[in-house]
Each structure stands twice: as C-alpha cells, then as structure tokens.
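Per our numbering, the very first residue in the sequence shown carries number 8; after that it's consecutive.
Don't take every hint at face value.
[Unchecked claim] Straight-line Cα separation of at most 27 angstroms, DSS-like style, residue types lysine-lysine; simulated pairs:
| id | residue 1 | residue 2 |
| --- | --- | --- |
| 1 | Lys132 | Lys176 |
| 2 | Lys132 | Lys60 |
| 3 | Lys262 | Lys176 |
| 4 | Lys262 | Lys14 |
[Unchecked claim] FRET-style restraints, in silico, Cβ to Cβ:
| id | residue 1 | residue 2 | range |
| --- | --- | --- | --- |
| 5 | Lys176 | Gln33 | 15 to 23 angstroms |
| 6 | Ser63 | Thr96 | 28 to 36 angstroms |
| 7 | Ala10 | Glu136 | 35 to 43 angstroms |
| 8 | Arg189 | Pro209 | 18 to 26 angstroms |
| 9 | Met58 | Glu94 | 42 to 50 angstroms |
| 10 | Ser71 | Pro265 | 38 to 46 angstroms |
| 11 | Gln249 | Arg208 | 45 to 53 angstroms |
| 12 | Glu136 | Gln219 | 35 to 43 angstroms |
| 13 | Pro70 | Asp201 | 18 to 26 angstroms |
| 14 | Gly188 | Pro17 | 47 to 55 angstroms |
| 15 | Leu95 | Met58 | 16 to 24 angstroms |
Everything labelled a hint here was simulated from the structure, so no lab data went into it. Just so you know, these numbers come straight off a predicted model, no measurement behind them. Ideal placement from N, C-alpha and C gives every residue a C-beta, glycine not left out.
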Amino acid sequence: MTAICQKALPDVPWMEARTHRLPGVQPLDPSTWIVVDDAYAAQMAERARLMEKRRSDIVMSQPSAFPAAQELLDEVTSHLSQRHNFELTNRQCIRPDGTCVDVDRNAPLETLSRLVSEDFCILQKDGNEHVLTAGLLCFPASWTLSQKFGHPLIRIHQPVESYTDDIAKRVQRLFDAVQVGRPLWRANAMRYRDPALYQPRPEVAPRTDRVQGNYIRSERQCILRLPKSDAVVFSIHTRQVQIDRLSAEQLAGLKLRPIDDEGSVPSG
Numbered sequence: 008m009t010a011i012c013q014k015a016l017p018d019v020p021w022m023e024a025r026t027h028r029l030p031g032v033q034p035l036d037p038s039t040w041i042v043v044d045d046a047y048a049a050q051m052a053e054r055a056r057l058m059e060k061r062r063s064d065i066v067m068s069q070p071s072a073f074p075a076a077q078e079l080l081d082e083v084t085s086h087l088s089q090r091h092n093f094e095l096t097n098r099q100c101i102r103p104d105g106t107c108v109d110v111d112r113n114a115p116l117e118t119l120s121r122l123v124s125e126d127f128c129i130l131q132k133d134g135n136e137h138v139l140t141a142g143l144l145c146f147p148a149s150w151t152l153s154q155k156f157g158h159p160l161i162r163i164h165q166p167v168e169s170y171t172d173d174i175a176k177r178v179q180r181l182f183d184a185v186q187v188g189r190p191l192w193r194a195n196a197m198r199y200r201d202p203a204l205y206q207p208r209p210e211v212a213p214r215t216d217r218v219q220g221n222y223i224r225s226e227r228q229c230i231l232r233l234p235k236s237d238a239v240v241f242s243i244h245t246r247q248v249q250i251d252r253l254s255a256e257q258l259a260g261l262k263l264r265p266i267d268d269e270g271s272v273p274s275g
C-alpha cells in the first residue's frame with residue numbers, strides 16, 4: 008500500500024517548551040478545529056476502505072451517547088460549511104471534491120467518517136470521571152477502541168508509563184474545566200517503521216513498531232465541550248511525514264529531544 012503522508016509537519020511538539028512537556032495543552036482557535044490538508048483525499052479514501060472492512064472495530068457507541076454524537080455531527084457540518092467550503096443542505100454535505108455525503112443523523116459517527124479525516128472520542132461525565140461512551144477511530148496509533156470503550160480516562164491511559172498520577176489528575180481537571188467555545192489542543196509525535204494509518208495494538212503487545220522508523224506520525228488532538236449535551240469531544244487529526252521531509256531545524260530538535268515509545272517527548 009502506498010504511504011499516505013502530508014508534505015510537511017506544521018505542529019512539531021518537540022520544538023517548543025510549551026508543547027514538548029506533558030500534557031502540553033494550549034488554547035485552540037475554534038476556527039481551526041477541523042483540518043482539511045494536502046492528504047485529505049487520500050485519507051478519506053482510506054477511511055472508506057476501512058469502514059467497509061472493519062466497521063465494528065472502528066465505530067462504537069453507547070445509547071446514552073447518541074444525542075451527543077448527533078450534536079457533534081451538527082457542529083462539524085456547520086464548521087465545514089463556514090470554514091472549508093463544504094456545501095451544506097438539509098440532507099447532504101458536498102465535499103470540495105464534489106462528493107455528496109448524505110447527512111444521516113441516525114448514523115452520526117458513520118456520517119462523520121465520510122466527511123472528515125478526524126477521529127472522534129465522546130466522553131461523558133459519570134460521577135467524578137469522564138467515560139468514553141462513543142468513538143470513531145479509523146487511524147488508531149497503537150491502541151484499540153474496544154479496550155478503551157466504556158472506561159474512564161485513568162483506565163484508558165493505564166498502560167502508558169508517562170501517564171503518571173499527577174498527569175492523570177491534570178488531564179481530568181482539563182476535561183472538567185474546558186468551556187463551550189474555548190477549546191484546547193495538543194500534539195504528540197511517534198516514530199513508525201510501517202506507514203499504515205490503521206495501526207491498532209492490544210495493550211499487552213510489545214511496542215516493536217516504532218524502533219528506528221522512517222515515518223514521523225503526529226496527532227493534533229483537540230478537546231472541546233458540546234453546548235447542548237455537555238459532553239467532551241476529543242478529536243484526533245493524524246499527520247504523517249517521512250523523516251527526510253523534516254527541516255534541518257526540526258531534525259536538530261529531534262536529536263535533542265528524541266521521541267520515546269509512548270509518543271511523548273522528554274523535556275530534557
């Protein structure tokens with residue numbers, strides 16, 4: 008399969024002090040939430056292929072999350088029509104390439120898979136924790152939706168060594184505090200040998216896929232609160248470049264702060 012890559016990596020977490028330290032979260036301009044970039048067409052074709060072959064692994068939702076998923080679909084289509092020249096009608100959203108996508112509010116996550124290259128996790132408050140109640144995950148980076156689905160944040164990140172108790176508390180506070188209209192974002196970085204965008208990995212499996220890889224994969228992760236359902240959305244836009252496409256400055260920075268196996272960048 009041909010590698011799906013962007014021409015450049017705009018968000019480089021190892022280059023700035025505010026982004027290379029966990030959790031590295033900062034305010035997001037709402038107008039930049041959804042990304043349509045030079046790899047959009049290729050990523051959308053791959054999403055369509057994956058949805059046909061692996062839908063049950065990619066889309067999961069609890070009944071309680073259905074109103075939030077519908078609200079998310081409404082928010083995304085509105086954003087696309089305002090920011091990315093998608094033509095929106097009552098029943099269809101027309102992509103810039105002319106592809107007509109039926110807006111099916113009875114299948115909101117499936118519809119989103121045909122509209123944008125972002126993946127989405129919907130988390131809803133249950134007691135003192137946010138629980139993953141719905142997800143659309145076409146491009147997993149060494150994790151599986153089925154193992155995280157229905158679990159709270161701390162359990163979701165349990166196998167990640169860098170996700171300490173202190174980081175867990177800080178992330179939970181972020182999810183509690185994120186306000187409507189004031190989203191947040193962060194970026195990570197991972198190194199892979201295999202450029203496939205669909206890279207699920209069971210929690211117990213060894214991390215052998217990232218050793219000396221020639222592909223740098225980065226996720227632009229956004230956190231926002233939906234105004235009606237009060238659910239929190241964690242969106243993931245995947246970017247990938249061959250390491251030789253990095254600038255000399257980016258390569259020098261990577262030598263100073265190499266990417267670890269968990270996808271974070273040490274602060275040393």
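Structure-inconsistent hints, enumerated in ascending order: 2, 3, 8, 9, 11, 13, 14
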